[in-house]
Amino acid sequence: MLGSRVLLCLCSMTCCLTMLPAAGNTILHFGPCRISMSMSEIRAGFTAIKTNIQARDPIRTLSILSHPHSLHRVQPSDKCCIVHKVFNFYVDKVFKHCQTENSYINRKISSIANSFLSIKRKLEQCHDENKCLCGQEPTERFKQILVNYEGLNVTSAAMKSLGELDILLDWMEKSP
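Count the sequence shown with mature numbering (1 follows the signal peptide of the UniProt record, and there is no 0) and you get residues -24 to -1, 1 to 152, in order.
Hints are computed from structural coordinates only; laboratory data are not their basis. Source: prediction; values computed, not measured. There could be a bad hint or two in this list.
As the list claims (entries may be wrong) - Calculated cross-link-like contacts (lysine-lysine; reagent style PhoX-like; alpha-carbon spacing at most 20 angstroms):
1) K98 x K69
2) K72 x K26
3) K119 x K69
4) K26 x K69
Generate coordinates for the entire structure from the input sequences, incorporating the hints supplied.
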């Protein structure tokens, strides 16, 4: 009898602990999707390389993410779709072309890329559960990001996108 109570208590604690976000994680809400991520870890990695990455950006007159029709004034119901598309974009296009001659910076980029891959998987799960629907508005906004990106050579576009990571992180944290 005592053994079953202990087992029940352990099972209950395990269930509760798996429901909580990992230490240092933030739960962000993108429409109906809730994603747990370590924003502080991503920010710390980006902060460590930000100056170096942004110094590699020769084109200061163009922004990939800050275009007036990209991330600004996105409806709360469309945020999941935009975030899903942007994380796919970073994992599939940006991080693949962000190599430098500095191994320390490459390790930081790799760490951020791994975090994005993990978040991308969570977003895909939400998307697969039909919680993250994509209408015309978020699709058009994402197309603008692609137009901005594809207007540059691959390496410059990737470095510029990485250099704008703080824009994305700030926007995500402001999500209601």
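Results of checking the hints against the structure:
For the hint linking K98 to K69, the alpha-carbon distance of about 19 angstroms falls within 20 angstroms, and the restraint holds. Distance check on the hinted pair: K72 and K26 sit about 18 angstroms apart at the alpha-carbon level, within 20 angstroms; holds. As the CA atoms of K119 and K69 are separated by approximately 14 angstroms, the hinted pair is consistent with the 20 angstroms bound. Annotation: proposed proximity of K26 to K69 holds, straight-line Cα distance about 19 angstroms (limit 20 angstroms).
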